[in-house]
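K.L.:
Given next are the chains, with one letter for each unit.
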Amino acid sequence: MEALLAEWEGVRAVDHHCHPLLRWPLDLTPFGLRAVFTEAADPTMIREHVPCTAAYRGALACLAGALGCAATEEAILEVRAGRDPGTYANALLERSGTGVLLLDHGFAGGDAFTVAEHHREVTLPQHEIVRLETLGEDLAAGVDDPQEWFQAVRAALQAAVEDGACAVKTIAAYRSGLRLRRHSPEDVAREFSLFRAAVPPRLTGKALCHTLVFEAAACCRVLDVPLQVHCGLGDPDEDLALASPLGLRPLFEDPGLRGLNVVLLHCYPYHREAAYLSAMYLGVFMDLSLAIPLAAADGARALKEALGLCPWSKLLYATDASRLPELYFVAATRQREALAAALSDLVTAGFLSRDEGVEAGRRVLAGNATALYRLQPR
Amino acid sequence: MEALLAEWEGVRAVDHHCHPLLRWPLDLTPFGLRAVFTEAADPTMIREHVPCTAAYRGALACLAGALGCAATEEAILEVRAGRDPGTYANALLERSGTGVLLLDHGFAGGDAFTVAEHHREVTLPQHEIVRLETLGEDLAAGVDDPQEWFQAVRAALQAAVEDGACAVKTIAAYRSGLRLRRHSPEDVAREFSLFRAAVPPRLTGKALCHTLVFEAAACCRVLDVPLQVHCGLGDPDEDLALASPLGLRPLFEDPGLRGLNVVLLHCYPYHREAAYLSAMYLGVFMDLSLAIPLAAADGARALKEALGLCPWSKLLYATDASRLPELYFVAATRQREALAAALSDLVTAGFLSRDEGVEAGRRVLAGNATALYRLQPR
Amino acid sequence: MEALLAEWEGVRAVDHHCHPLLRWPLDLTPFGLRAVFTEAADPTMIREHVPCTAAYRGALACLAGALGCAATEEAILEVRAGRDPGTYANALLERSGTGVLLLDHGFAGGDAFTVAEHHREVTLPQHEIVRLETLGEDLAAGVDDPQEWFQAVRAALQAAVEDGACAVKTIAAYRSGLRLRRHSPEDVAREFSLFRAAVPPRLTGKALCHTLVFEAAACCRVLDVPLQVHCGLGDPDEDLALASPLGLRPLFEDPGLRGLNVVLLHCYPYHREAAYLSAMYLGVFMDLSLAIPLAAADGARALKEALGLCPWSKLLYATDASRLPELYFVAATRQREALAAALSDLVTAGFLSRDEGVEAGRRVLAGNATALYRLQPR
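Protein chains in written order, with this note's numbering: chain U, 115 to 492; chain Z, 115 to 492; chain F, 115 to 492.
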């Protein structure tokens, strides 16, 4: 494992899915640090239970190593408070080994950097990902019926891609679950009326959300950008029982969508299912992203399981980090370690030569995403 | 792993979910010993296939170590036959490291100790768990409609808790599956009529069972006792496809049930899902209990997987043992070993310091349950 | 692990589920070699992504070891091209340690050996497995209604078994999914009309496929041959979400089918569920077959997971290989290694003695299948 990590030292990874940082300066409390290492929103969960997770204890240890301080919240926050926030954040990002950020700004609240601010404050190169449901909600006010709305969405997606966006992302898992199917125009129209009537408009309903995904998929195919789909674990807004990527089969089997690239994000605990899909369908890719920092040793185990069926040419690197540079750093570090552990196991077991392991890792860290998102190789 | 086990030597564990012992003396045959190490009831399964499981072979080895005899059924049964049954049983329980038993007597047949007998014959401190469906069936004769019945159940739960019961347990997984939802009063009434007409009354039907669970949940919240929910593996009465804890989401999302504590029992093979719920919702706890003695090395692996997302402040220790002290001993021993293996892996991988690992184990063995069930610390 | 492999060196395994070889001589290209190590059919998947799998890299390494050449496609194909195809194929099969093949010829195209050719060209003893859906389609032309058709199927199954067939296999997972239930005669009749009208007839539809499985199950019970059921991973024709063996519960719970033996094939990623069923129901058996060569190290991990609940008296050895002797050899080799790794882990962890591990492996390799399919012991 150490040997592979050493080989990849110069590899600048493509973080193909993450979110913006919070605007600095900010006063970070222990509570604020804990809050980014969980998907739970309940304050008691954050205060009492997050410190009792391997993920958070390991994060403190990981940060302590990077900052040269004790593995305690106090020591880490003290180091942070003593530095210029921009210098501190950019140094952590730089040390994480990440070379490019593909950012979904659609999730951020008002305390996060805007796109322009993020480009100005964060020195790493960045590209934008369009968040489909946010876009759909933003466009609701100006249209009168579903067809007009879908047309507005298509036009906006095209404009965004022409403006440099490198992917479209859907969080249908949160809004309707992922058991995708085609719906009747009547059902779509009925749900659209409810959607338009709400203030502010919030997308829900299977007919509307699924149809929007199919529309976006067709659009992504024509625009030749990947469609990222949140699968598996997330916050409690989502019913995990409805978040398996196997429900996306209609996207993969539809002859009209041939050529579409779909990237399954997070996936845990459905990562073996995601790996199966990646092994079966040319246009399917996957990552473990969020599972790596949150599920600690089991995130690393999940990566080993995924590398059963999933070709390494289909596996991508992502942190799904947001808000604090500490999370970016920890997620990136754990991601590399997990990848090195998985590939070195395969080398030890005789499946791969060491050179093949090194090369496989380079592709996962950077090569696959560079090709898929048509980024310039650095 | 050995180091952690040594650190916990003095920790008296809280077995927060188990069942009563069979009344002694009894003549134990090899068949009888095999029968407690499986959920299968088929005699040929017990005779021919249970001996071909890692769980049973490992159980013999584990018992042989404790009894100082050969790892064969004959040797173990000979030792047992030569001792006073009460002394033998209490010695095995004592050696298991368990300090308190929380007992579900609702499952036992006539050959098991009654509550009073169990307190008299077994020296470990004990508390009772109310088995919801058994209670519901017992109360069916005296009522005329669902509302009266629910009221009787509520009154009986309150009386049981005032009388010292420390939890309520539902086996809805066996009766209706766990894809919980609210049902119409008409559906409840129709199923109630069938239920009342049967002799003896046996609870089945989604409308009736689910509604009973919601009633009990509301009651547990007010009485401030946890609701234990059987999830995942059990005997063939259950359809495992319907036993995922993800189906319990309505219990966690209902604002009227805020403050309710729900304990997911067994969980395997849905333990990653259970860990996810434990990491998301303040009131969700989990154990692996039955999976540890029955799934052998994979039970231990499941515990490692669960400690991915599940905070150790949410993980509980239980044997789910019943009938024979041999099962209590083996289940308790394997549980500690599995916990030590999982936590020492996290120490080795750098997620936890050794002290954190020791402390995490203490909480799982005793601290979490002592707080959750409001037991006196020993 | 090495120690167990050495102990089993003389054990001729029963490959209880595989498919015929391609007729030789044939010109094998790198593309042709890659194509057998995936379930994907897309040529770009085979060209670009199969070489980026641990399964395929490991297969090259495995073949290189056996052939005494470099672990490259070129070297392997060169060795192959220089040998007599029959001698080469039979030598690889012989070296694989397999002693008997149970063959499903129903899947093969025109380029595979017929039953008679296979017996003539391949020196290993062979028995046939009847592929239910192929049989049903072949019999469609001669009948006028479902009852006649079911009767023809029953008669043909009986004739096949009298003629030496040792099992019946269903691929209902591909045609209707495995959430089995009983259907009304009207639904069966309606689907039968569509089925009969199609040219060539192709079985689809839940009512028709499920009813055919129940009919075949009843027939297998009377004829005393096992019913093999494809579960879990396969090619993209199948919706993996509908391929869990838990859906087969009606086969296990029906009192009229008591005594039926059902063998769950492949199972991954539902192998823990399959192991649960094997541990609960006397008539349920399982294998990992296809998962072992395709999921590489995770196939081996899946076998460890399955040996949690599954008695080793219920676990079977199979390659699910087809077309090329290279696949037979690699799948057989990996199967033995995975079995040795799983059992030696159990020995190391103290669940089994070494002798028990050796004996367990013998049963999985040959003993269980010999008894289940009533083969003559060699």
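Treat the hints as calculated values from the structure; they're not laboratory data.
Built from N, CA and C at the ideal position, the CB exists for glycine as well.
It is possible that part of the hints are untrue.
Within a straight-line C-alpha distance of at most 30 Å, the following computed DSSO-like cross-link-like pairs (lysine-lysine) qualify [to be verified]:
hint: 1; chain 1: F; residue 1: K418; chain 2: Z; residue 2: K418
hint: 2; chain 1: Z; residue 1: K320; chain 2: F; residue 2: K418
hint: 3; chain 1: F; residue 1: K320; chain 2: U; residue 2: K418
hint: 4; chain 1: U; residue 1: K320; chain 2: F; residue 2: K320
hint: 5; chain 1: U; residue 1: K320; chain 2: Z; residue 2: K320
hint: 6; chain 1: Z; residue 1: K320; chain 2: U; residue 2: K418
Which stretches of chain Z does chain F cover? Using the computed rule of at least three CB atoms under 8 Å from a CB of chain F, they are [stated by the list, open to error]:
hint: 7; region: 146–159
hint: 8; region: 169–175
hint: 9; region: 346–353
Distance ranges between label pairs, derived from CB positions [unchecked claim]:
hint: 10; chain 1: Z; residue 1: A463; chain 2: U; residue 2: L337; range: 28 to 36 Å
hint: 11; chain 1: U; residue 1: Q261; chain 2: F; residue 2: T228; range: 34 to 42 Å
hint: 12; chain 1: F; residue 1: R488; chain 2: Z; residue 2: A273; range: 53 to 61 Å
hint: 13; chain 1: F; residue 1: A485; chain 2: Z; residue 2: G196; range: 35 to 43 Å
K.L.:
Of the hints stated earlier, which fail here?
P.N.:
Those not satisfied are hints 2, 3, 6, 10, 11.
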